[in-house]
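Could you put the whole structure together from the sequences, leaning on the hints where they help?
In the order they appear, the protein sequences are chains A and B. When we follow numbering that gives the first Met the number 0, the leftmost residue of the first sequence carries the number 0, and every step to the right adds one. When we follow numbering that gives the first Met the number 0, the leftmost residue of the second sequence carries the number 0, and every step to the right adds one.
Check before you lean on any hint, since a few could be wrong.
To be verified - Simulated pairs of lysine to aspartate or glutamate, DMTMM-like, Cα-Cα distance not exceeding 25 Å: (1) B:Lys37 <-> A:Asp79; (2) B:Lys92 <-> B:Glu45; (3) B:Lys231 <-> B:Glu159; (4) B:Lys57 <-> B:Glu145; (5) B:Lys161 <-> B:Asp129; (6) B:Lys51 <-> B:Glu71; (7) B:Lys66 <-> B:Glu145; (8) A:Lys80 <-> B:Glu40; (9) B:Lys27 <-> A:Glu52; (10) B:Lys43 <-> A:Glu52; (11) B:Lys92 <-> B:Asp217; (12) B:Lys25 <-> A:Asp79; (13) B:Lys92 <-> B:Glu218; (14) B:Lys43 <-> B:Asp62.
Derived by calculation from the structure, the hints in this document are not laboratory data.
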Amino acid sequence: MINLFFAAIGILIGIIIGLILPYTYSVSYSLYMSVAILACLDTVFGGVRANLEGKFDLKIFLSGFFGNAILAAILAYIGDKLGVPLYYAAIFTFGGRLFENFASIRRILLSRVKKKKE
Amino acid sequence: MKINRANLAVFSLSIILGIILAVQIKQKVPQMIPVTLKSIENTKNEINTLNKEIEELKVMIQDKEEKIRIYESIVDGDENIVDLLKDELNKNKAVAGFETVKGPGIIVRMEDNMDENAFGQSLDLDLIHDADVLRIINDLRVAGAEAISINEQRVLSISEIKCGGPVIRINGKSVGVPIYIKAIGDPQLLSAAINAPNTYGYALKTIDQIVIETSVEDEIIIPAYSGMFEFKYAKPVKEGD
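In structure tokens, the structure reads:
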């Protein structure tokens, strides 16, 4: 539970900070950023899951967070230049994994609740 | 609550993620609408029309500047205003159709279908009607005809083309078959407006079997409007009214 709690609180604090901060970027980058956000979201969920499973590796987590985001953004950018919507690849991959990770987290947490009751 | 490195990492990166998310939300990203080839084509056409309009306006500006120059020279006493006004009067007369004009163009001859095996059952379809003539004339105008006459009757903006039983009435005068429509303009364009497939003239010729013949001429003389005409109701609106 605590892991998920950390992630949720972190995102909330981040949103508040982001809303307060006056920085914005050009709207033309928003597509790339939204794909990058998806990648980041997936990595955070993956981190929470790994943490719950006890397999958490800081290096994998950090490299995944930044690597996935950058790769997704670059993929979207290249797709834009080539005229092929390559960002779909990122959306499907990370979107699918997001749900997978969430399903795992859910199962682990539910099984823990069950154990406690017993 | 245990705060280990893992939780700290998730926490800090979540904050980063939240910041990016919030900034993205703040962007108010406009809805991305997929662009179809058709919409691109439409936009292209729109741009082309606008460019054409701009060209025309530029020509107009030049024209007006020329006029200003002429007026200035009149003020200086170099040119006579009477000559200028006469010139303008002639030009206006030609444009209005009160002057005989000549130039290259086509002559369209239309005749009823005299064949025994007339089209269909109805005799009506074998005759030339006022509406047929009207549409032919409209096609010619679309093709850029500058002056049109029907059996030596000049067709103006005020000319009526009306069914008069076996004849057609134009400018209050009766006109019978064969009908000769003369039009001054680009002969090729005008001829295409009558003969090209899917035009009204083509349909009349091939479906109704009405005789339509076009001949391209280097010089056609189109008479002036012969009647008298004056506006009774329409009054020009002066600037500042």
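Which of the listed hints are not met by the structure?
-> The structure breaks hints 2, 6, 9, 10, 14; every other hint is satisfied.
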